[in-house]
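Chemist: Residue numbers (the working numbering), protein chains in the order written: chain P, 217 to 362; chain Y, 217 to 362; chain C, 217 to 362; chain W, 217 to 362.
Some chain Y residues flagged as far from chain C (calculated, every beta-carbon gap over 12 angstroms):
| no. | residue |
| --- | --- |
| 1 | R229 |
| 2 | P248 |
| 3 | V356 |
Below are the BS3-like pairs computed for lysine-lysine, each with C-alpha atoms no more than 27 angstroms apart in a straight line:
| no. | chain 1 | residue 1 | chain 2 | residue 2 |
| --- | --- | --- | --- | --- |
| 4 | P | K242 | Y | K237 |
| 5 | Y | K339 | P | K358 |
| 6 | P | K237 | P | K341 |
| 7 | Y | K358 | P | K259 |
| 8 | W | K361 | C | K259 |
| 9 | Y | K341 | P | K358 |
| 10 | C | K337 | C | K259 |
Honestly, the hints are just simulated from the structure, not real lab data.
Beta carbons: idealized from backbone N, C-alpha and C, even for Gly.
Protein chains: 4
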Amino acid sequence: MKIEKDRLSQLKRDAIQGFVKYIGLKAVSLSPGKFTTRLKLEKRHLQQDGFAHAGLIAFMADHTAGYASFSMVPADRRILTLEYKISYFRPAAGDFLECSGQVIKAGRQILFTQADVYAVKGKIKTLVARAMHTMTAVPVDKIPKA
Amino acid sequence: MKIEKDRLSQLKRDAIQGFVKYIGLKAVSLSPGKFTTRLKLEKRHLQQDGFAHAGLIAFMADHTAGYASFSMVPADRRILTLEYKISYFRPAAGDFLECSGQVIKAGRQILFTQADVYAVKGKIKTLVARAMHTMTAVPVDKIPKA
Amino acid sequence: MKIEKDRLSQLKRDAIQGFVKYIGLKAVSLSPGKFTTRLKLEKRHLQQDGFAHAGLIAFMADHTAGYASFSMVPADRRILTLEYKISYFRPAAGDFLECSGQVIKAGRQILFTQADVYAVKGKIKTLVARAMHTMTAVPVDKIPKA
Amino acid sequence: MKIEKDRLSQLKRDAIQGFVKYIGLKAVSLSPGKFTTRLKLEKRHLQQDGFAHAGLIAFMADHTAGYASFSMVPADRRILTLEYKISYFRPAAGDFLECSGQVIKAGRQILFTQADVYAVKGKIKTLVARAMHTMTAVPVDKIPKA
Chain P
217 MKIEKDRLSQ LKRDAIQGFV KYIGLKAVSL SPGKFTTRLK LEKRHLQQDG
267 FAHAGLIAFM ADHTAGYASF SMVPADRRIL TLEYKISYFR PAAGDFLECS
317 GQVIKAGRQI LFTQADVYAV KGKIKTLVAR AMHTMTAVPV DKIPKA
Chain Y
217 MKIEKDRLSQ LKRDAIQGFV KYIGLKAVSL SPGKFTTRLK LEKRHLQQDG
267 FAHAGLIAFM ADHTAGYASF SMVPADRRIL TLEYKISYFR PAAGDFLECS
317 GQVIKAGRQI LFTQADVYAV KGKIKTLVAR AMHTMTAVPV DKIPKA
Chain C
217 MKIEKDRLSQ LKRDAIQGFV KYIGLKAVSL SPGKFTTRLK LEKRHLQQDG
267 FAHAGLIAFM ADHTAGYASF SMVPADRRIL TLEYKISYFR PAAGDFLECS
317 GQVIKAGRQI LFTQADVYAV KGKIKTLVAR AMHTMTAVPV DKIPKA
Chain W
217 MKIEKDRLSQ LKRDAIQGFV KYIGLKAVSL SPGKFTTRLK LEKRHLQQDG
267 FAHAGLIAFM ADHTAGYASF SMVPADRRIL TLEYKISYFR PAAGDFLECS
317 GQVIKAGRQI LFTQADVYAV KGKIKTLVAR AMHTMTAVPV DKIPKA
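Here chain P stands alone, though its shape is the one from the complex (with noise of 0.2 angstroms):
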């Protein structure tokens, strides 16, 4: 149980680092298979008329798929995406932007998730898109080396 909660604490942690880190996504909760991400938007985010950069909530929601995917592989395997589809539903602009992440089906090696991200401006908050991936579940030691 202890072992279990520090496994998600720390995995919490390792979901913001590098690229992640630089983009300004935060972490807001993580339980197994399920992972919610914040993103305060800001001028950086945007395209060229005014919304979220449709690969900003790209990588949004495959990042918060993948680490909802970490939560449930044992600590010696890493997460790769193999694929995914999202559509957007409409354009999002907002004060931020939150994803939810979940394990829809967790294989040893193959896990399927989805996850939706809404715009949320005031107390107001509309699904913009949803992402289904596929995922693979890789021992540490297998990862090539970058």
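Dock chains Y, C and W against the given chain P, drawing on the hints supplied.
Modeler: What follows is chains Y, C and W alone, placed relative to chain P:
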């Protein structure tokens, strides 16, 4: 002819602004229906295992395919991504990422595109991801205000 | 009100013809934006290992989501599938397949849908696949002639 | 060499059985990582507007890519489709559908494939759809029993 050339030059400049500039993407060449971009890989672009972040690759594919689409529609239209799917064939590391986006089928309102992303290390260029997008061309006055 | 009901009844009948009838799909219920179908699994529906063929499941998801979309557009419009992605969570076997298709976002020209396919064996219903589609509503007089 | 050839011949035969045979798909050629199939379009294959049913096209793409994958794995492995995305570039009508499936990246457990579907009318061959799949190679003794 002259106008067409001007439009392409202008689009090529427009392609690099806001979030895109912040990330560090560069335009290499733009011809009708085909756009090539490059990104020098730096530490800030990497994920936890030292590879280019999957979200970064998707962003690059999306943006490159988006401007390939822009080059196929009248100047009073904007391109929005409806959806895409991206497959990651292998982890990406190297000096640069290069992306080649092209329009497969251009309708008046719907455009289908494909974007291939390569990792470039010295003289070796490896296909790391392929994306297929559905884009829509929207009259600029129908774009909602952010 | 009466008209709406007639339109739904007519769509529910229209949904089962041609290739769809040949396959054996049955309409269960149709309400605005939501369609449910069933298919009694027979030997002809199976692939080499005795499971429902993945192509059959995709067809079911596509058709069910398509008619869910039909129920959201005026009678002079036809629905065409622009694209979809489908994930197979587990092999499908059982007495029936059941599919629930629903519209997530209905625009005038673009509709996004989701379809879940379940394998039903006795009283047990298992989610076997989920699909996300992009549909387009086309005026009937703009449909090209086959 | 001989064995390889035998394996390909056997796979080509195996490719057409059950649901696949019922639909009317024919194997044209199979080489390592590449499979071509054909389908004579008949009335039973059409949807409500007289075009080849989108579900039929997806099935053809999936099955063709699946057997292209089979040709890249040892004889004691089965191929299962994890997911795919398919884009429909235009409605399909004609005498035949032809599908060319090929493996883009073959890993030990994960294979990425692409399948292009053409409508053939007399001497004219038109690209009507493209699919990208993620397949998995599973040892035959780990396939669950239907």
